[in-house]
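For this one, chain A is given, so just place chain B on it according to the hints.
Just so you know, the sequences run in chain order A and B.
Residue numbers for the first sequence follow the working numbering, beginning at 1 and rising by one.
Residue numbers for the second sequence follow the working numbering, beginning at 273 and rising by one.
Simulated from the structure, these hints should not be mistaken for lab results.
There may be inaccurate statements among the hints.
To be verified - Distance ranges between label pairs, derived from CB positions:
1. B/523 / A/48: 31 to 39 Å
2. B/311 / A/61: 16 to 24 Å
3. B/299 / A/55: 50 to 58 Å
4. A/48 / B/535: 27 to 35 Å
5. A/59 / B/320: 39 to 47 Å
Claimed, not checked - Covered, in the sense of this in silico footprint (three residues per stretch, anywhere, with C-beta under 8 Å from a C-beta of chain A), are these stretches of chain B:
6. 360 to 367
7. 521 to 531
Said to hold, decoys possible - From the derived model, a few chain B residues whose C-beta atoms are all more than 10 Å from chain A:
8. 286
9. 351
10. 390
11. 471
Just so you know, even glycine gets a beta-carbon here, dropped at the ideal spot from N, CA and C.
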Amino acid sequence: MPVAVRGGGEKLWMRRTRAGDIVAWFGWLVGVAIVVASFELISQVTIWAFVWDAPAQGADLIGRMFPPRWSYASQLWKPMWDTINMATLGTGLAVLLGVPVAFLAAHNTTPSVVFVRPTAIFVIVFSRSINSLIWALLLVVVFGPGTLAGILSIGLRSIGFIGKLLYEAIEEIDTTQVEAITATGAGRGQVLAWGIVPQIMPAFAGITVFRWDINIREATVLGLVGAGGIGMQLQASINVLAWPQVTVIFALILVTVLASEWLSARVRHAVI
Amino acid sequence: MEASIALSGGPIRRWRPKPLIENPWTRYAVYLAAILYAGIAFGTLDINWARAAEGFERGGRFIAGFFPPDFVSKRVEITEGLIESITMTVVSTAIGIVLSIPVALGAARNLAPLPIYLFCRAIIALSRTFQEIIIAIVFVAMVGFGPLAGMLTLAFATIGFMAKLLAEDIEDIEVAQAEAVRATGASWFQLLAWGIQPQVLPRLIGLSAYRLDINFRESAVLGLVGAGGIGDTLNNSFERYEFDTAAAIMLIIIIIVMGCEYSSSWIRRRVQ
Numbered sequence: 001m002p003v004a005v006r007g008g009g010e011k012l013w014m015r016r017t018r019a020g021d022i023v024a025w026f027g028w029l030v031g032v033a034i035v036v037a038s039f040e041l042i043s044q045v046t047i048w049a050f051v052w053d054a055p056a057q058g059a060d061l062i063g064r065m066f067p068p069r070w071s072y073a074s075q076l077w078k079p080m081w082d083t084i085n086m087a088t089l090g091t092g093l094a095v096l097l098g099v100p101v102a103f104l105a106a107h108n109t110t111p112s113v114v115f116v117r118p119t120a121i122f123v124i125v126f127s128r129s130i131n132s133l134i135w136a137l138l139l140v141v142v143f144g145p146g147t148l149a150g151i152l153s154i155g156l157r158s159i160g161f162i163g164k165l166l167y168e169a170i171e172e173i174d175t176t177q178v179e180a181i182t183a184t185g186a187g188r189g190q191v192l193a194w195g196i197v198p199q200i201m202p203a204f205a206g207i208t209v210f211r212w213d214i215n216i217r218e219a220t221v222l223g224l225v226g227a228g229g230i231g232m233q234l235q236a237s238i239n240v241l242a243w244p245q246v247t248v249i250f251a252l253i254l255v256t257v258l259a260s261e262w263l264s265a266r267v268r269h270a271v272i
Numbered sequence: 273m274e275a276s277i278a279l280s281g282g283p284i285r286r287w288r289p290k291p292l293i294e295n296p297w298t299r300y301a302v303y304l305a306a307i308l309y310a311g312i313a314f315g316t317l318d319i320n321w322a323r324a325a326e327g328f329e330r331g332g333r334f335i336a337g338f339f340p341p342d343f344v345s346k347r348v349e350i351t352e353g354l355i356e357s358i359t360m361t362v363v364s365t366a367i368g369i370v371l372s373i374p375v376a377l378g379a380a381r382n383l384a385p386l387p388i389y390l391f392c393r394a395i396i397a398l399s400r401t402f403q404e405i406i407i408a409i410v411f412v413a414m415v416g417f418g419p420l421a422g423m424l425t426l427a428f429a430t431i432g433f434m435a436k437l438l439a440e441d442i443e444d445i446e447v448a449q450a451e452a453v454r455a456t457g458a459s460w461f462q463l464l465a466w467g468i469q470p471q472v473l474p475r476l477i478g479l480s481a482y483r484l485d486i487n488f489r490e491s492a493v494l495g496l497v498g499a500g501g502i503g504d505t506l507n508n509s510f511e512r513y514e515f516d517t518a519a520a521i522m523l524i525i526i527i528i529v530m531g532c533e534y535s536s537s538w539i540r541r542r543v544q
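Next up, chain A with everything else stripped away, as it sits in the complex (with noise of 0.2 Å):
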C-alpha cells in the first residue's frame, strides 16, 4: 500500500497513489460524462409532455386494468396448455440438437480442433446471439403464425445455451476417471458412455430444466409477433385496450412463470 509522508515525517496509509487516484478519477468521469450523454441522446427523442404526464396516465392505466374480467379465464386455458407445450417441446428439440453440438465442440471429445470444433462453436454463438423473438419473427413468415413457429423458435435459440453450459461441463470433468476407462482397453464410445456421460448427467439435468424455466417465459410473449401461445391473446387484448383482460393474462403468467420456477428450483436441488 502506497503511503504519504507528511511534514512532520508523519505517515499517513493511502489505498492508492495519487497518479493511482487521478486515474481513478478520471475513469469516473469518463464513465458519468457517457452516461449523461447518452440520457440527453435518448432525451431528445422523448415527448417529455408524455411523460409528465406518466403518473396520470398510470393511475389512468391501473384504473382501467381493475377489475380484472376473469371470466375471460376461460378462453386462456387452451392457449397457456399451448404455451408450456410450446415451452418443452421446443426445450425437447434443443436438447436434441445442442447435445451433440455440445460433444463436438468440447475440446475432450470432439473429433477435430481444427474444423469440427469451430463450427460447433460457431453454431452456438450464432444461436445464442438471436433473440428467441427474432427467431420467432423470421420463422412465422416461413412457416405461418401458430405453435410451429414457437416450437422451432424457442428450439433454436435454446440449442446455443444448452450446448455452451454443456460443453463447459464436458471440459471439466474428472479426467482420472475417463483414464481408468480408457485402460482396460475401451473404445471410443464405451469410453464416453462409461467415463464422461455419468459425470456430466447431473449438469445436464440441472441445465435443461433451467432452460425450460426460462423457455416458460420466454413462450408467454412469443404470441406478441404471431408465434402461438397466450402472448396472441395477450396482443389480441392489447390492440382492442381490453385491458380488465390484460390483467387477468398478467396473473396468469405470473402464476405459471411461480410455478415453472419452483418446479425448476426443486429439480435442480434434487439432482445437484
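Below, chain B alone, put in the same frame as chain A:
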C-alpha cells in the same frame, strides 16, 4: 464410480453405469410420464402441416431475399436505431446498478431486518417474473413510444437481476472480516465500506459487465412493442418486406452481441 450389478443367468456379471434417478420405480414413472406428455402435447397441437410443408419452399425464397444484405439504402435509420439501442443500454445499466445496490443490501438476510428483507425480495421477484417485453408494454402505455420506455424497462429488469445475485453474494461473504470491522466499533455504514464492499466489489463489476451485455441483447427486441432501439428498425424492415435490410440489421446485432460477450467475459475473468 458406483455401478449397479445385474446377475444375468450365470457367472458373468454385467455392469451398468449408475443411472441419474436411483429408484427404478421413480425412474420408469418419469419416463412413462414424459412419453405420455409428449403424446398428449403433440395430439393437441394444431399445426397446419400443409402450411408448414409449404414453408420450406417459402424459407428458400426468404433466405434468398436476405442476400446480399443491404447496409446502404437504410443506413440513416440503421444508425439511428443503433445509437438509440446503445444509449438505452448504457443509461439503463447505470441507473439499474445504482438502484440495485440498496435493494441488494436490503435483500441480504445478514444485513437487513426481516420487514426490509421481505420488501426488497418482493421488488426482486416482481422485476424478475415478467419478461422485459411485457414490462415494456406497460411503460410504453405510460410514457409513450420511444427509447425512454425501453430505458425504463431495462433499468427495472436490471434491478431485479443485479440485486438478486448481489444479495446472494453478500449473504456468502467471509463473516470473520465483517466481524473484525464491527469489533473496532464501526457504524453500519463503516461496516459496509470496510467489511463488505471490498469482498463483493469484484462480483459487482463482473455482474455489471454481464448485465450490460444482456441489456444490449434485450434492447434489440424491445422495439417490437414500440420501445425504441434497433428492434424498431428491424421490425419496420420486416413489415415492409425489405429482407435485405433486415439481414444487414441482424448481422450488425450478431456482431455487436459477440463483441459484448467476449469483452464482458474478458472483464469477468480479469476481476474474479
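* To do: Run the structure past the numbered hints and jot down the numbers of the failing ones, going up.
  => Failing hint: just 2.
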